[in-house]
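We have chain A already, so just place chain B on it with the hints.
These protein sequence lines map, in sequence, to chains A and B.
For the first sequence, position 79 matches number 79 in my numbering, and the numbering has no gaps at all.
For the second sequence, position 278 matches number 278 in my numbering, and the numbering has no gaps at all.
In case anyone wonders, no lab produced these hints; they're calculated from the structure.
Be careful, since some hints might not be right.
Note: identical chains are not told apart, hence a pair may lie in one copy or across any two.
Straight-line alpha carbon distances no greater than 25 Å define the calculated SDA-like cross-link-like pairs of lysine to any residue that follow [what the hints assert, rightly or not]:
no.: 1; residue 1: 129; residue 2: 51
no.: 2; residue 1: 129; residue 2: 56
no.: 3; residue 1: 129; residue 2: 55
no.: 4; residue 1: 311; residue 2: 66
no.: 5; residue 1: 112; residue 2: 313
no.: 6; residue 1: 129; residue 2: 108
no.: 7; residue 1: 129; residue 2: 105
no.: 8; residue 1: 129; residue 2: 109
Single-letter residue listing:
2 protein chains.
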Amino acid sequence: MALVVQKYGGTSVSDAERVRAVADHVARTRRRGTDVVVVVSAMGKTTDDLIRLAGDVSAVQPPRELDMLLTSGERVSAPLLAMALAGLGVDAASFTGSQAQIITDTTHLNAKIVEVRADRLRAALAEGKVPVVAGFQGVSLDRDVTTLGRGGSDTTAVALAAALDADACEIYTDVSGVFSADPRIVPEARRLARVSFEEMLDIAASGGRVLALRSVEFARNHHVPLHVRSSFTWEPGTWVVEEDPSMEQAVVTAVTHDISEAKVTVTGVPDKPGIAAQLFRALADRDVNVDTIVQNTSLHGTTDISFTVPKTDLDVSLDVARALVPEIGAGEVMGDDGIAKVSLVGAGMRSHPGVSATMFEVLASAAINIEMISTSSIRLSCVVRADRVEEAVRLLHQAFELSDG
Amino acid sequence: MALVVQKYGGTSVSDAERVRAVADHVARTRRRGTDVVVVVSAMGKTTDDLIRLAGDVSAVQPPRELDMLLTSGERVSAPLLAMALAGLGVDAASFTGSQAQIITDTTHLNAKIVEVRADRLRAALAEGKVPVVAGFQGVSLDRDVTTLGRGGSDTTAVALAAALDADACEIYTDVSGVFSADPRIVPEARRLARVSFEEMLDIAASGGRVLALRSVEFARNHHVPLHVRSSFTWEPGTWVVEEDPSMEQAVVTAVTHDISEAKVTVTGVPDKPGIAAQLFRALADRDVNVDTIVQNTSLHGTTDISFTVPKTDLDVSLDVARALVPEIGAGEVMGDDGIAKVSLVGAGMRSHPGVSATMFEVLASAAINIEMISTSSIRLSCVVRADRVEEAVRLLHQAFELSDG
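This is chain A alone, in the form it adopts within the complex:
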């Protein structure tokens, strides 16, 4: 019998009516002869509400306690969905992350999955039940409740799909798939029927918000085919699968953009071994997630280093960098939160070296200045002014002919 893991995000179960709609879809899937394991997020904005409540109660929020608090949201949505299924005559049983035996390390707020035992889920499936698992949560080796960080429910779903050897993991959300660009900016953007794990990783890493990076990595490493689709239209969405070498690859698959980052520049950095390491170790020690790093060739024994960080980490990054300036003998440190990143992603770029030239020409023709450039084998990113990024996305989408027509 086929088995799918279906994951429903917060917007998919935002109220009683939505929960019933989801139950109806699960019941239909079962009637088609497919076993289902459901993973569910907290309803709507529950998690945000809990974070606000914690802020009202105390400025000191031990991560262990915050994890206990935040996991309560899925403890509501999971039994509600199990009840809705029972109301449709489908035998269901809800499970916490702990009951589903999602064992993690002890890193609260951002725990890594160590093992998924899933014996209770297998037993429930064998009894003809639909297991409904609370997403985003696990239990640590210390028997404490943990959370899996951003996109955690996706990670839960992929991990369960891997552990149960499911045929697919369906990620239901409020968009109908992965697009060639953000449809709010490029109305003619095309829904991609199929992307490779590698492309999806670069799309996620460069601003595509549909799937969290970590769950895509997990799916790739465990060979779990993902199907990203809408719980509002229920139509087929985007499959994220292993790259198929026999297929002709599009040079560029998607244009992505990211306005969540800021830029830090350290000028006059002595061009000596170990300086960069010192800076980025200090940032890592403060849990700053550095994205793009650019360092130019040294001209006069010193160089400028620029890097991007999440806007929320800008202040701490500036503090870290400024504290190091006397020690490393650098010049000054500047922050800039007016930047954005525009990227092209496509597996075919590997064999088409001309893409970068075209990208720079398109931006230059609109007088959009490029402040930083970074590349991977299948991605090309430019940092530009934030107020020009939407225009850049539209121009690149058009230049690489990514629309349907």
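Same frame as chain A, now just chain B:
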């Protein structure tokens, strides 16, 4: 080192400010050199909100799923209180019922505690932490989440106090103790400094809403002194303790009343062995909680049986009784939801047989008709018209001189 278990009800932790006030009181208790284990209910009306949400989602509500849902409320209040304590510099750790090792049977919605292991709580205390335990919940022998029924958080607190051999169990609520009558009806009612477990059991059973019957029974059986007090005034309240035979006992300690019940009368019941058993077995099979039962002496080979049931069970009780009428050859079945019960409770009644006469005289002098009478060794209850019960409470409180003055 002294150890107290402090239980805070829903009104005591209804919002962020109240949670901080409770944390402050716990911190003060610790500063006085007393170890504290906290048991906390869900915030304010959370549980009612969850029940309504479940109703919106599905008419079918499997008890296992309802238990999972309802326990989420304490999963919010417990870590919030632990955070508030951390904010005051008090090291605290929240525990679910499962983590606190409160092991129950598998009766969902009304589980009985089988065992309290409490190893993790002992370890937390040994590390100088304040354990904050989610009340009302346990984990069954089948590893499912269970709830302990009405007054369940009180039961959690008493069970932990017994398991940890605490010096006392403090029940914080929104009233300042146990009173000689409901202060809303008798403004001059006196707060009782001390009542025996036996009196408290009869007070709880006859309408006193401060403590649930089950937690008092548990405390009596395990010799846990209870202290019922207010989390709004923080002043000393009522101690519920073992009866002290050396003390002079008040004849009457309190006047209680209960307007939550209705009366069922079955007329013309053949006076043969087994008839009553048949009726009350049928009611028990439908989970009807029968309270007072009165059967008069048979005069002409038949008798009338009257009994009281919770108003919410009146319809099902009438159905059960009417279905039995043809089989047992009885007359008719009548329901009456216009009744109320007024009771006198006092350990001294055992040695003062005149109390009943005084009670009947007081009611007669006000022309309050007595419809049913029932007695226990330390309680005397009369069923009267509901619209006369408050007057009856006032008159009896005055007649037995229960006020301070």
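> Within a copy, between copies, both or neither: where do residue 112 and residue 313 come within 25 Å Cα-Cα?
Replying inline: within (22 Å within a copy, 50 Å between copies)
>> As a check of your reading, is residue 129 near residue 109 (CA-CA no more than 25 Å) within one copy, between copies, both or neither?
In response: between (31 Å within a copy, 21 Å between copies)
> How do residue 311 and residue 66 come out at 25 Å by Cα distance, when the copy is not named: within, between, both, or neither?
Replying inline: Close inside one copy (23 Å), not across copies (42 Å); limit 25 Å.
>> When Cα atoms must be at most 25 Å apart, do residue 129 and residue 56 count as within-copy, between-copy, both, or neither?
In response: Result: close only across copies, 23 Å inter versus 40 Å intra.
> Given identical chains, is residue 129 near residue 51, meaning Cα to Cα at most 25 Å, within a copy, between copies, both, or neither?
Replying inline: Cα proximity of residue 129 and residue 51: across copies only (24 Å, versus 34 Å in one copy).
> What label fits residue 129 with residue 55 when the C-alpha limit is 25 Å: within, between, both, or neither?
Replying inline: Only across copies: residue 129 and residue 55 sit 22 Å apart there, 39 Å inside one copy, limit 25 Å.
> How would you classify residue 129 and residue 108 at a CA-CA limit of 25 Å: within, between, both, or neither?
Replying inline: between (31 Å within a copy, 19 Å between copies)
>> With identical chains, the pair residue 129 and residue 105 could be close in the same copy or across copies; at 25 Å between alpha carbons, which is it: within, between, both, or neither?
In response: Answer is between; shortest inter-copy Cα gap is 23 Å, intra-copy 29 Å.
In this structure, every one of the numbered hints holds.
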